[in-house]
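Asker: In the order they appear, the protein sequences are chains A and B. Positions 756 to 1183 (my numbering) are the ones given, in order, by the first sequence. Positions 756 to 1183 (my numbering) are the ones given, in order, by the second sequence.
No lab work stands behind these hints: they were computed from the structure. Warning: the hint list may mix true and false statements.
No copy is singled out in the list; a pair is fine if it fits within one copy or between any two copies.
As the list claims (entries may be wrong) - Under the rule of at most 16 Å between Cα atoms (straight-line distance), these lysine to aspartate or glutamate pairs were calculated in the EDC-like manner: (1) K779 - D959; (2) K822 - D836; (3) K779 - D949; (4) K880 - D850; (5) K880 - D904; (6) K880 - E1176; (7) K880 - E909; (8) K906 - D949; (9) K822 - E900; (10) K906 - D838; (11) K906 - D946; (12) K779 - D848; (13) K874 - D884; (14) K874 - E994.
Protein chains: 2
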Amino acid sequence: MDTRHHVVIVGGGFGGLHAAQSLKGAPVRVTLLDRRNFHLFQPLLYQVATGALSPADIASPLRGILKRQENTQVLLAEVIDIDVRRRRVILSDGDVGYDTLIVAAGAGHHYFGNDRWEKLAPGLKTIEDATEIRRRILLAFEVAERESDHKRREAWLTFVVVGAGPTGVELAGALAEIANDTLRRDFRAIDPADAKIVLLEGYDRVLPPYPPELSRKAEAELRRLGVTVRTSAIVTDIEPGMVTVRAGDRHESIPARTVLWAAGVQASPLSRILASATGAPLDSVGRVAVEPDLSLPGHQEIFVIGDMAHADDQTGTSLPGVAQVAMQQGRYVATLIRHRLLGQTMPAFRYRNYGSMATIGRAAAVADLSWIRVSGYFAWLTWLLVHLINLVEYENRVLVLIQWMWNYVTRNRSARLITGENPLPFRH
Amino acid sequence: MDTRHHVVIVGGGFGGLHAAQSLKGAPVRVTLLDRRNFHLFQPLLYQVATGALSPADIASPLRGILKRQENTQVLLAEVIDIDVRRRRVILSDGDVGYDTLIVAAGAGHHYFGNDRWEKLAPGLKTIEDATEIRRRILLAFEVAERESDHKRREAWLTFVVVGAGPTGVELAGALAEIANDTLRRDFRAIDPADAKIVLLEGYDRVLPPYPPELSRKAEAELRRLGVTVRTSAIVTDIEPGMVTVRAGDRHESIPARTVLWAAGVQASPLSRILASATGAPLDSVGRVAVEPDLSLPGHQEIFVIGDMAHADDQTGTSLPGVAQVAMQQGRYVATLIRHRLLGQTMPAFRYRNYGSMATIGRAAAVADLSWIRVSGYFAWLTWLLVHLINLVEYENRVLVLIQWMWNYVTRNRSARLITGENPLPFRH
């Protein structure tokens, strides 16, 4: 019987994985639970969705990452409940007791109450989302090539991206590149460059969390690529082949066969379970409000980190749902547990913001670093470097680098596969 | 209106693609129909199924390959019928007329009348087959890690491969490597090396089409890797968790959660349509018997090539369903069409056999080349080289080479992803 302090971590994303790695060699037994067998590097998921990279390039098997960490066991399991009183995590097929629990189950899409939009406008959170979006983008061009009716063809060649945060901006930029460069000369009946890419944003500028100066630069760059940017535009309805938008008092319908969702996220349902068990409040996107040390009120033994946690920075602003926050929180909680086992205390969690960035197609990006704001080629190089460095496996870094160089030189995206068992959409 | 002679090719596999490429610059208009948007390099599919390569590494978009071939249009379409009399190919959503038709629709799995085995023992023909097999292999180890019952755990750690042709031998060898090397140290409750890999073959030796001397070497190599090789063993039943085998008079049941099918193939259903329309006979695996020039009897304007065609070599032996045959046939038919348009004739198709080979795990292979029979390290290097050279895209050659080198040095297989929307199999 293993009598060491048992730390159970739910979720192998940025938060959970960094917590687990920071517990290497600690006098604890760690169990990492995830329903997927890999850590996914979500910031590059849009490149899988647009055929530039393969899923395995940005996904690393959790067992492989942690194989040399003797005190850690990875279990493929689905967490459905947490019994806070008896200190047990309830799985779909069993349960696991814990001494300390770290919940880092992330977030999913949020359709603001319009759940039927989900089928029509897939979001981008999982590998399956990415290959489905890739499938829809490529199929749209294929159907357009065979469509003789002008109006219908135009709808197949219209791509609407809802939401102009980093993911939406990156998707729209990549779509423009596919239409203008990648598919050039691929078709005989259509010109892919005729495709219309529409980026819709409810706020009055793209990249709302960024400084206005960078939003302006990003928008100019998107327009240069041929993207139609519509700010202050609220999606009021999505039907098959049609998106309805309200801008001010005007309603407008955009005929479009491909709609991608990059607008809203909502914390994992586990946050609701934790909130009702502990009395911790939830914010408007379902995140649990945590204490300054990221524990739950009245439950020092439960920590919530990453996209599921509502934590404030020093100025009282809530921290954004980005990888940097989750990674720092994971490392903080691991250190806190080590201290606590030695009877020591720790100051509250402090987020160090190293900046944020977004890439907009070929050789263009914007970056808001803590010491400088840049855009253009230098920002793009920075973006490439930061993302390469943060990939977990050496092999992936090499493979991604080669594919990026290849794409840059040839303007090709070789992972343009239409896969999946879904039927072809040819009978309209 | 385009009045050029219209060549329609059904299928973008080895036969169809090489026919299309050989018609580059010919005074014809070419339409290549495929229900997939990519050419798949099937000989390496087992490496996708075993997590060594990503799907996009061995799949090349057909449009990309043919983009600079002005006289050729690629259409994503599903062929459901062929109207031989009116010279039209019937699609699921329209039809296309032809002057000359090349049918190269390949082959699918064949379960010898036991179609319910298909769900229990998937075969390996498509990208989706490969990711499903990868999913089953990796999940079996995951479930075993969480299974406390000894017998049930053993069944999860038993992998049965049915059929010891090149695909079955390569799958079994790769499975042994996964168990012995790749997953070493990945688990805490099980030792992956305890996995049992059983290779079943109905004939009295593995690789039945190869010279007996190479079969013996391949079998010795498989045994060295820990594979249980059972020849003269006929599968009589497959149920969930159990494979029943007859060897001589004895029946034996093997408890196994993962069963892979590498035993039988059957020509595309289009062969039956062609046979009944033209009176051409079908052989026992559904291939159409073709004339010496690969046309259908009485229909000089229809050619059948590749895995769908039953053609004999100079000695009267029927040609095997391998890439070499299909490629040579595709090029032959393209040349014949060029000649015919000039009023010239061509001698009958002659197959040049450059040899066959199979790899058996790390640094081991057997090769039966026309001028030499080799096994071991040299055969393995030859195998690597031949397969690299035959990949269509330069980028894929580089990516595959890097991953092979990486695997060779680290014994890792980084594409170990469990993907797909199917539920986890934890409730037995």
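Asker: Next, verify each hint and record whether it holds.
Answerer: Consistency of the hints with the structure:
For a Cα distance limit of 16 Å, the shortest separation of K779 from D959 qualifies neither inside one copy, at 46 Å, nor across copies, at 52 Å. When the C-alpha separation of K822 and D836 is checked against a cutoff of 16 Å, the pair qualifies neither within a copy, at 27 Å, nor between copies, at 53 Å. Proximity of K779 and D949 under a CA criterion of 16 Å is satisfied in neither setting, with 54 Å inside one chain copy and 27 Å between copies. Within a single copy, K880 and D850 get their C-alpha atoms no closer than 27 Å, and across copies no closer than 39 Å, so neither meets the 16 Å cut-off.
In this assembly of identical chains, K880 and D904 lie within 16 Å of each other by CA distance neither inside one copy nor across copies; the values are 35 Å within and 36 Å between. For the identical chains of this complex, K880 and E1176 are inter-copy neighbours only, at 14 Å across copies versus 20 Å inside a copy, given an alpha-carbon limit of 16 Å. Taking the shortest alpha-carbon separations for K880 and E909, neither the intra-copy value of 28 Å nor the inter-copy value of 35 Å comes in at or below 16 Å. In the homo-oligomer, the alpha carbons of K906 and D949 lie at most 16 Å apart inside one protomer (13 Å), although the nearest pairing across protomers, at 61 Å, exceeds that limit.
For the homomeric pair K822 and E900, the shortest alpha-carbon distance between copies (14 Å) is at most 16 Å, but the shortest distance inside one copy (49 Å) is not. In this homomeric assembly, K906 and D838 never come within 16 Å of each other (Cα to Cα): the closest approach is 56 Å inside a single copy and 31 Å across copies. Taking the closest pair of Cα atoms, K906 and D946 come within 16 Å of each other only inside a single copy of the chain (15 Å); across copies the shortest separation is 60 Å, beyond that limit. Taking the shortest Cα distances, K779 and D848 never come within 16 Å of each other, neither inside one copy (28 Å) nor across copies (59 Å).
For the homomeric pair K874 and D884, the shortest alpha-carbon distance inside one copy (11 Å) is at most 16 Å, but the shortest distance between copies (25 Å) is not. Taking the closest pair of Cα atoms, K874 and E994 come within 16 Å of each other only inside a single copy of the chain (10 Å); across copies the shortest separation is 35 Å, beyond that limit.
Checked against the numbered hints given earlier, this structure breaks hints 1, 2, 3, 4, 5, 7, 10 and 12; the rest are met.
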